[in-house]
Amino acid sequence: MSKEGLKQNSISTVPKTTGSVPFQNLSGFDIKTSYGPEDISQLSYERDLGDPGQYPYVRGIHPDMYRGRLWTIRQLGSLGSPIQANERIRQLIQMGATGISICFDMPTIMGRDSDDPLCRGEVGSCCGVAIDTIQDMRDLLYGIPLETISVNFVSNSQSSVILGMFCAVAEERGIPLEILTGTMQNDVLKEYQAQKSYYFPPRPSLRLTMDTVTFCATRLPKFNPISISGYHIASAGANPVQELAFTLANGLTYVEEGIKAGLSVDEFAPRLSFFFKTHNDLFENVAKYRAARRIWARKMKEQFGAKNPRSCLFRVHTQTSGSALTAQQVLNNIVRTTLQALAAVLAGTQSLHTNSYDEAFSVPTPRSEKIALRTQQIIAFESGATLTADPLGGSYYIEALTDQMESECYRYFKMIEDLGGTVAAIEKGFFQREISDAAFKYQRSIETRERIIVGLSEFVEDEETEIELRVNDPEFESQKIAALREFKNNRDQQRTDGQLEEIRRVCASQENIMPTIIEAVKSGATLGECIGAMRKEFGTYSEQVIF
Amino acid sequence: MTGKLPGNHETLVQSLLSGSRRAAARMITLVENQSTYTNELMKLVYPHTGKSMVVGVTGAAGSGKSSLITHLIRKFREKGKRVGVVAVDPSSPFSGGAFLGDRIRFQAHALDEGVYIRSMSSRGYLGGLARSTSDVVRIMEAMGNDVVIVETLGAGQDEVDIIHVVQTCILVLTPNMGDDIQAMKAGIMEIADIVVLNKADLDGAVNCLRNLEATMHMAMTHKDCGWAVARVIPTVASAPKTEDLQGIDELIEAIRAHQTYLHESLVIDRIQAKRIEQELSLVFRDEVEKFIFKGLSGTGKKRQYIKGILEGRTDPYSVVEEVLSTFLRV
Amino acid sequence: MNTEEIKVIISKVGLDGHDRGAKVVATLLKEAGMEVVYLGMYQTPEGIVKAAIDEDADVIGLSYLSGEHLVYTPKVVNEIRKNGLDDVLFVVGGSFPPEDVPVMKEMGVHEVFRGGSLTESIVDFIKKNVRGKG
Amino acid sequence: MSQGQSLKKDIDGTCDVNWDDYLKSYYEKPESAKTWSGHEMKELYTPDDLANKDYKTEIGDAGDFPFTRGIHRNMFRGRYWTRREVVGIGSPADTHERAAFCFEQGGTGLNTIADVTYEMGLDADHPWAQSEVGLTGVNVTSIKDMETLVGDIPLDKVSWSLITASTAAAATMAQYVAVAQQKNYDISCLRGSIQNDPVHFRYCGFRPACPLDLSIKLGADVMEYCTRSMPKFYYTTLNMYDLREQGITAHQEVAYGLGIAMCYIEELLRRGLHIDDFAPRFTFYVSCHVDFFEEIAKIRAARRMWAKLLKEKYGAKNPRSMQFRFAVHTAGCSLVPQQPLNNIVRIAYEALAAVLGGVQSLHCCSYDEPMCLPTEKGHLQALRTQQILAYETGVTNVADPLGGSYFVESLTDKIEEEALKCMKEVEEVGGMAEAIRTEWLDRKFESEAVLRQKEVDAGDKLIVGVNIFNSDAETKTPLGVQRISEQSALKQISDVQELKRTRNVAKLRETIERLREDAACGRNSIPAMIEATKAMATTAELLGTVRQVMGYSYDPMEIIESPFN
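Protein chains in written order, with the numbering used here: chain A, 1 to 547; chain B, 1001 to 1330; chain C, 2001 to 2134; chain D, 3001 to 3565.
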């Protein structure tokens, strides 16, 4: 056995710092040594918890939770070309995935076509599919029975166009829009707060989102038009309580906007869903979900007077934390992902994506993707964690932590309110500042060894396990561009131009944009062209830089 | 037939007579499986049998038969005798399979060329002895074993057929058998030539011993009275410590005594005769049945008879009468 | 050939006494209708093969646990060959790296069942491959 | 539609999905509502489930009787659990090299594990041993081997964990002390532990070495010796883990484990020790299996049961006597060779369960254990798993974080209730010693093990890669395989033969005679063993002598005769 091996194996490699975490969780709460009945003496089961499936839904939104149905095993991962992406979907399903999720390449995310000069080298990037035209959407959805199968689009600023293409393809197939199911991420507010892939100023962006919401409310009643996403907020560096507070604040903003747009809360609120991230701190994470369910339920009922219980349900998709993974000692990431996935299940998530262990430095390989999937299956079928709803419910620690999360969250609501609401706060750079402060604080804690990341800040190894990389097809970009050219040549240019003009007109008006977009993509207008037309009307936006 | 043994019966039997365990093993399998060669083989084997001492050991499951036997083997080997052992275990009524665990206890002889051990499943045949045991014993005799030990599970009265195969029958009892004792008394005690109380170190052994000896005489009256089971031999056949073993020598002595008695009193001849009688009836039963069903096959008669009995037009007895009269012209 | 005419020797070899797996398999083969002669622990290659001869066994099944499989398998195969039991099926079960499966087959093992094998797969293999004795 | 056409070609046949099956799996739900051990679980647990439960007396704060919530008030804030990875493979020299390196790295805890030959009590030159020496650990035949093993590692600065479980533990103890004394250490200051649980070890394949009365005698000899002479030494790690690996359930693990513990306790009391003299040094080895909450509940239940047992049955006064001190070994039998990297997932949350249960010392399996002895990479991964739990997950912040959970508290009660039933069952067959002597326990293990396999065969228990999602078979171990060279072993064997040729036989005989007397008069055999060891007596000679006195064959394998007859 090598000396190196001996060193690494020796039980002596304990960190120089005494306590790993200075007895604070990621949100910076001071955690007591132990919690007992006295810590939850104020708690009233009926008022503050309720059984699963009962208001305020702290213990879960379904009475029988995973006994009724397991969470959806929804693995992301598309590949450059729509054809390959379609094939990937099938592979994942054959490995046992129970949800379909599609993410997009950089150009698509930025609302540009593959042939856009700005996109050289980016086509098919970041494990996403490149969608330019309705033909791409046809290929992507080829053979998938949209009548019964729900598809999740990880699409944000470009959502109106993607939804347009989705509807167009469905109509081509003669499927009535009313029966379409699925989800559009379509959460622009967090783009300004965290993800930073926006095209227009916040208010027009918000209007586009609300157009899709109202359109869905009337035309696609079974479709989730927004998945309000804390994941990206957290990935940008927000701590768990910030993720909680900002996500819910955004959610409440969409509700207000929907009501402004003339919808009744119960018309669209039941279709709002959420997207959280699970990070390394197990209990804090569970508390975050439980608090979210209580806050959302109470807000919807008490502030917006929702009558339909479904309006009060905090339904959430979860992804394990990509940013918690390290490029060092990659197999450690299997351990992290396992613990995070377990945390999400104990928190009562409705749907789950587990990261591949090599995600930190490469596009996942088939092997790593399989293990990510197996991780969920082992938890589902071996761990017994599905046996009963909210297994942690009643734990002195978890209940105390849930309460603390909740009150901290309300503190943030107050701040946002004082700044004049979410959009104003965005424009004032509030979220951006909060997040970058938290990110900085976290980074510091790692550099000062207050926090230890195994294999990164401690227990570092020189020797690394060799890992296979998935290489992107270098030919792909040029092929895609060629295909796009051919497509453009075969379309009725005049008709297309007309439709693009129409988009610009509607943007100036108060009309709902969706019908026009559907017509435009049918006429062969590309995603980039549609966005371009809107940009002419809405202009662009650049935030003040936050230090 | 596989490459593992010479194909024709003569050579197979020849190697058996020369003591080949391979030949014995294969032949026993053929007999067990009631293969078509059985009769031919047994014809060749039979003349070379009947000279060995055949000892039966019977008793309830867990009474320690195997442990006793392993000591008997040791003793006989010390005297330079070749020993064959047939250990019969019951087959599962559900699957027909069987778990034959006795060999674990015989591990001490695992490498001894002078010991041939064969585990057999009862294959559902009642009476603790597999249907083919008597043939198997003959084969072991022909193989040249001076002693053949037959171990069977004593389930109760149906055990009785062991006496037709063995000369000296050892019944193994244990203390605290509760009601089983009654069954034993009523049943197989009558067939025992030697009664052993194994696990005599357990509590209650003393009382049990007294009760048993009290009932002996009653039991004896049912038997040929020339030999009286004077007493019950208390033994301890399995103990991790050799010093704790008990009664093995006494048992060996009792076996010797009984054998001497058999030969001096010539009772041995009667036993051999009984054994042959039993074999005859077994072979008859099988052969006649085979013969008749062969004759019936194709005629559709068998089905008619069954139908007739079903519909109450006739009954098995009349049918058999009719069939026999036609086939055997009695 | 009828299942109850399939005679299987199940044994451990060497000092490793983890006999749980061997016992479980023995019990389940019995329940599958076979006649199982169980030899237990601390057997020698010679003793195992002698038992196989006496019992006219169709199958020899060994269970390993502690990495001794590469030590004993050749010795057992050697005994089997020496005694010309070339129609006896030799299978082993236990904990092995997949790399060793071909190695042991090369040595003369007919099939290898690694941990997690379902009983059905063992029964099926034996039924399919056991050779009749006429 | 040209692309559409080409697409059709591309997809059809290649990877066709049955959308109906897909929908079925979308609506899939768990088949069974039972825990791994077969307890029917309710859909929901609420305060009603804990209604008539008094926190103070039934649960208690961490650090307070009955210690349900942990034996320390501040749990991991005081110190982390010990992250133990076992060292010990090949010859004493190999093992020393590895141990020494750990120490140089500032290691304060060393583990060395005995191989099968040593556990069986055989010298390296025993015919049965020769092909297996050093295969699964290290064989210490004479004081020479122990000297090599210890080398220059300062015994007063290190906590040495000697993993010998069988009756050979007595020899190990003697050999360790002998070396320590020769090096002029004050043995009363030595810290460390020895597994020393011979009674359970008969079920791990060492029956010949571990007859019941001999096991209790020698086991208790070590315990008594340490209690009187080495107060800082943990003299037993009562091994519930190995029992669990036989295929029994969580509550049986606790029940039978405590049952065996009682065998030793009663022997020590019989020898005139007071319960509080020795109980504080009693430690346990517990399994963590795949059923997350059940294992946590099991640990909490075990803590409560031990506390009550010691207080109520044995009248312990010292709280430390009532504290269930335990190490966890994640369940080797929960791992499968199919899709081996999946085992990392299982190990990860099994280890989490151990930590949430408040473990004192944790050993994670290597993911490759169902295939071979752990590789370096496997070991390392296991260690990293513990480190991630310790430093990244924040689960160490709070003592018994699950305390109060309606589900966990109810499950804890359930396990305790079931375990008490099992203990009663054992009482009824006349106590654990009787249950072992009459092989009642053997039969229990056998039937349970068959049951477990049937559950998997029938799909009542699902194992990913085995009876679900088992499509692909792998042909190579992802990160390689551990092999051991036989060379070092051969050297050790010749050394032993050399030693036996050259040692001073007269002196040896004296010490062996004294050992024989002490054993015969029922005196503690460790002191005599120490003297004999110093006179070059070998492991087999020490144990063989006592075996003979107790009426057993000198050689467990019954092929060698005593050289002293």
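Please keep in mind that the hints were generated in silico from the structure rather than gathered at the bench. Predicted model, so just to flag it, every value in this text is computed and none were measured. Don't take every hint at face value.
Mimicking SDA-like on lysine to any residue, the simulated pairs with C-alpha atoms at most 25 angstroms apart in a straight line are [stated by the list, open to error]:
| id | chain 1 | residue 1 | chain 2 | residue 2 |
| --- | --- | --- | --- | --- |
| 1 | C | LYS2127 | B | LYS1241 |
| 2 | C | LYS2075 | B | ILE1268 |
| 3 | A | LYS32 | D | ARG3073 |
| 4 | A | LYS307 | A | ALA385 |
| 5 | D | LYS3024 | A | SER44 |
| 6 | A | LYS222 | D | LYS3024 |
| 7 | D | LYS3183 | D | TRP3128 |
| 8 | D | LYS3024 | A | PRO37 |
| 9 | B | LYS1290 | C | ASP2124 |
| 10 | D | LYS3476 | A | LYS307 |
| 11 | A | LYS428 | A | ILE446 |
| 12 | D | LYS3313 | D | LYS3144 |
| 13 | D | LYS3056 | A | ALA217 |
| 14 | A | LYS260 | A | PRO202 |
| 15 | B | LYS1241 | B | ALA1228 |
| 16 | B | LYS1043 | B | GLY1312 |
| 17 | D | LYS3144 | D | GLY3192 |
| 18 | C | LYS2127 | B | THR1036 |
| 19 | D | LYS3029 | A | GLY68 |
| 20 | D | LYS3157 | D | CYS3189 |
| 21 | B | LYS1241 | D | GLU3267 |
| 22 | C | LYS2105 | D | LYS3034 |
| 23 | D | LYS3034 | A | ALA385 |
| 24 | A | LYS301 | A | THR365 |
| 25 | B | LYS1301 | B | GLY1312 |
Here's a subset of chain B near chain D, in silico, CB distances under 7 angstroms, partners left out [to be verified]:
| id | residue |
| --- | --- |
| 26 | PRO1240 |
| 27 | LYS1301 |
| 28 | ASP1315 |
We treat Cβ as the ideally placed atom computed from N, Cα and C, and that holds for glycine.
Outcome of the hint check:
1. Pair hint C/LYS2127 plus B/LYS1241 does not hold up; C-alpha atoms about 43 angstroms apart against a cutoff of 25 angstroms.
2. The straight-line distance between the Cα atoms of C/LYS2075 and B/ILE1268 is roughly 47 angstroms, outside the 25 angstroms bound, and the hint therefore fails.
3. A C-alpha spacing of about 11 angstroms is found between A/LYS32 and D/ARG3073, which places the hinted pair at or below 25 angstroms, so the restraint holds.
4. The straight-line distance between the Cα atoms of A/LYS307 and A/ALA385 is roughly 33 angstroms, outside the 25 angstroms bound, and the hint therefore fails.
5. A hinted pair counts as satisfied when its Cα atoms are at most 25 angstroms apart, and D/LYS3024 with A/SER44 does not qualify at roughly 39 angstroms.
6. Annotation: proposed proximity of A/LYS222 to D/LYS3024 holds, straight-line Cα distance about 20 angstroms (limit 25 angstroms).
7. The straight-line distance between the Cα atoms of D/LYS3183 and D/TRP3128 is roughly 33 angstroms, outside the 25 angstroms bound, and the hint therefore fails.
8. A distance of roughly 43 angstroms separates the Cα atoms of D/LYS3024 and A/PRO37; the hinted pair therefore is violated under the 25 angstroms criterion.
9. About 33 angstroms separates the Cα atoms of B/LYS1290 and C/ASP2124, which puts this hinted pair outside 25 angstroms; it is violated.
10. With a CA separation close to 59 angstroms, the supplied pair D/LYS3476 and A/LYS307 exceeds the 25 angstroms bound.
11. For the hint linking A/LYS428 to A/ILE446, the alpha-carbon distance of about 29 angstroms lies beyond 25 angstroms, and the restraint is violated.
12. Among the hinted pairs, D/LYS3313 with D/LYS3144 is inconsistent with the structure: their alpha-carbon atoms are about 44 angstroms apart, more than 25 angstroms.
13. Simply put, D/LYS3056 and A/ALA217 have alpha-carbon atoms about 54 angstroms apart, too far for the 25 angstroms limit, and the pair is violated.
14. Between the alpha carbons of A/LYS260 and A/PRO202 the distance comes to roughly 16 angstroms, so the proposed pair stays at or under 25 angstroms and holds.
15. Among the hinted pairs, B/LYS1241 with B/ALA1228 is inconsistent with the structure: their alpha-carbon atoms are about 33 angstroms apart, more than 25 angstroms.
16. For a cut-off of 25 angstroms, the pair hint linking B/LYS1043 to B/GLY1312 is broken: about 43 angstroms separates their Cα positions.
17. The straight-line distance between the Cα atoms of D/LYS3144 and D/GLY3192 is roughly 21 angstroms, inside the 25 angstroms bound, and the hint therefore holds.
18. A hinted pair counts as satisfied when its Cα atoms are at most 25 angstroms apart, and C/LYS2127 with B/THR1036 qualifies at roughly 22 angstroms.
19. Simply put, D/LYS3029 and A/GLY68 have alpha-carbon atoms about 6 angstroms apart, close enough for the 25 angstroms limit, and the pair holds.
20. Pair hint D/LYS3157 plus D/CYS3189 holds up; C-alpha atoms about 10 angstroms apart against a cutoff of 25 angstroms.
21. Taking the CA atoms of B/LYS1241 and D/GLU3267, the gap is near 21 angstroms; set against the 25 angstroms cutoff, the hint holds.
22. For the given pair, C/LYS2105 sits about 40 angstroms from D/LYS3034 by alpha-carbon distance, which is inconsistent with the 25 angstroms threshold.
23. Restraint check for D/LYS3034 and A/ALA385: satisfied, since their Cα atoms lie roughly 11 angstroms apart, inside the 25 angstroms limit.
24. A hinted pair counts as satisfied when its Cα atoms are at most 25 angstroms apart, and A/LYS301 with A/THR365 does not qualify at roughly 45 angstroms.
25. A C-alpha spacing of about 16 angstroms is found between B/LYS1301 and B/GLY1312, which places the hinted pair at or below 25 angstroms, so the restraint holds.
26. Hint on B/PRO1240 holds. Least Cβ distance to chain D is approximately 5 angstroms, under the 7 angstroms limit.
27. For the restraint placing B/LYS1301 at the interface with chain D, the shortest Cβ-Cβ distance is roughly 46 angstroms, beyond the 7 angstroms limit, so the hint is violated.
28. The interface hint given for B/ASP1315 is broken, as the beta carbon of that residue sits about 46 angstroms from the closest beta carbon of chain D, more than 7 angstroms.
Going down the numbered hints, you'll see the structure goes against 1, 2, 4, 5, 7, 8, 9, 10, 11, 12, 13, 15, 16, 22, 24, 27 and 28, while the others check out.
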